[in-house]
Amino acid sequence: MQSLLTFHLPQFSIILLPMQFSLFPVALPQTLTVSKLTFLIRKLLEENESLQDVWVQGEISNLSRPASGHIYFTLKDANAALKCVMWKTSAARLNISLRDGLAVEVHGKIGVYEPQGQYQLYVDQIRPVGEGALYQEFMRLKAMLEAEGLFDPEHKRHIPELPRKIGIVTSATGAALRDMLNTLRRRLPLVEVILAPSSVQGTEAPPALVKALQSLIYQSPDAIILARGGGSIEDLWAFNDERVVRAVAASNIPIICGVGHETDFTLCDFAADLRAPTPTAAAELATQITIQDLAALVSNFKSQITTHIASVISSKRNELASFSSQLRFLSPARLIQSESQRVDELSRRALSALVHRIRLQTKHFEGTQKRLAALSPLSVLGRGYAVVTRKDDGSVVSRVTQAVGEMRVRVSDGEFEAHRK
Amino acid sequence: MPKSSSKKEKPVEELSYEEALAELEAIVSALEDGQSQLEEAIRLFERGQALGARCGALLEAAELKVKQVVGEDVTDFEEESE
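In order, the protein sequences belong to chains A and B. Take 1 as the starting number for the first sequence in our numbering and just add one per residue. Take 1 as the starting number for the second sequence in our numbering and just add one per residue.
FYI, nobody ran anything at the bench for these hints, they're computed from the structure. Among the hints, a few may not be true.
To be verified - Here are the computed lysine to any residue pairs in the SDA-like style, where the Cα-Cα straight-line distance is at most 25 Å:
(1) B:Lys67 <-> A:Lys316
(2) A:Lys316 <-> B:Gln49
(3) A:Lys43 <-> A:Trp87
(4) A:Lys165 <-> A:Ser90
(5) B:Lys65 <-> A:Ser90
(6) B:Lys67 <-> A:Asp179
(7) A:Lys302 <-> B:Ile42
(8) A:Lys109 <-> A:Ser90
(9) A:Lys302 <-> B:Ser29
Only chain A is shown next, with the shape it has when bound in the complex (with noise of 0.2 Å):
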């Protein structure tokens, strides 16, 4: 295998022209298939290192940009054409827009498409004619700047999250102000914004835009958003200025540059403290916190002291009701109804003691009346008999001796006086 790659291309026109009258080619040991052939030329090809890694100037034609996303065109000049093709993936990094007719320097690796015998260009990029020279002059400042330490991480300093004074630089006429303003004014219009109009393009931007940032940085804003919208590689020169890069490493005050595209790089971005993709994302980038942000911690703490207090008032209710049942329970109320209590069972029985006497006392009263009774004289006067007593001395007169003189005689119902003759 490895021998057969040193061959050359005549070589193989000259071993295979005999071929075609030959009545055995299946005794040459030459003989290819086509696919082996052209996969020989690939491996040719594609194992050139200089062919791999190619920059080709020429002409668009025949573009054509099928809904695959991958972009078909041929490169060509006067002479020759050269087929090529550029995948989606690649495409959609292009930040220019290609046309027939369109001059451009196409950079890319030679392949062969084997189904058509075609050999053919895979590009990668895409810039316009003479930006090699400027991407050359962007290389060198870029890495002179870098080996100052312009663009270390360790300078890089803190974007404020919640700014009140936010100073911008870009040009006052340009929609990337009117697209800043509208996001600030969406996401944090407390801010003040401070604007340092400056041209952003041209021989005259350079200085415009570090007298700008200068004027900027002595109002002390919180931040700056240094700006321009869309354009191209030559727009945002004035961005690669190393006048303007130096002014912006040495801003004391937090700088976010928002310059082009999401696809555009400039030296001010590397030596800002931080990119933003475009000059709506920078705004975007100087206000982490939101008004809505705001709003919602405002309305928190609301609902957070409201629940604090009711959790203090709460407690201390709890607090107030285990204390009151304490003295509830410490209380001489108690003891006042125990003691009542006691003095009432204490009547009741003193009561009933007092009653039992009383019918006892009763009984024996009627007993010895009834008893009494029996015993009265009286009542033996009721069946005729009469107690006689003598008048003078009072004594009873039991015997016929004794009635002597004036006697009184008592029977049932009184009494009278007798004389015994």
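On the provided structure of chain A, position chain B as indicated by the hints.
For chain B alone, coordinates are given in the frame of chain A:
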């Protein structure tokens, strides 16, 4: 903390948003702390409610102020209306 702050408390209507929010936050932590007397806690709560309302009103009414620097001065910036 609450004792000393009550000495020179500014009326709520004179506070900036940041001042009001900071005080509201301090009141929340004081109440969370649970150390205050009931009367003081209720006073803090009422002050907190007023501060919350103040913050809400300021947020509601907030309008983006845009100025521009001209030399060393700052003047109002007229936005082009579109």
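Q: Decide if the proposed pair is consistent with the structure: A:Lys302 and B:Ser29, CA atoms, cutoff 25 Å inclusive.
A: Judged against 25 Å, a Cα distance of about 12 Å means the pair holds.
Q.
Would the hint linking B:Lys67 and A:Asp179 be met if the CA-CA limit is 25 Å?
A. holds (16 Å)
Q) Given the hinted pair B:Lys67 and A:Lys316, is their alpha-carbon gap at most 25 Å? A) violated (53 Å)
Q) Do the alpha carbons of A:Lys43 and A:Trp87 lie within 25 Å of each other, as the hint requires? A) Roughly 21 Å separates the two Cα atoms, so the pair holds.
Q. Holds or violated: are the alpha carbons of A:Lys316 and B:Gln49 at most 25 Å from each other?
A. holds (21 Å)
Q) Between B:Lys65 and A:Ser90, is the straight-line Cα distance small enough, at 25 Å or below? A) violated (43 Å)
(Q) Run the distance test for A:Lys109 versus A:Ser90: straight-line Cα separation, threshold 25 Å. (A) holds (13 Å)
Q. If you draw a straight line from the CA of A:Lys302 to the CA of B:Ile42, is it 25 Å or shorter?
A. Given that 25 Å is the threshold and the Cα spacing comes to 14 Å, the pair holds.
Q.
Hinted pair, alpha-carbon criterion (25 Å max): A:Lys165, A:Ser90. Please report holds or violated.
A. violated (41 Å)
Consistency note: the structure conflicts with the earlier hints numbered 1, 4, 5.
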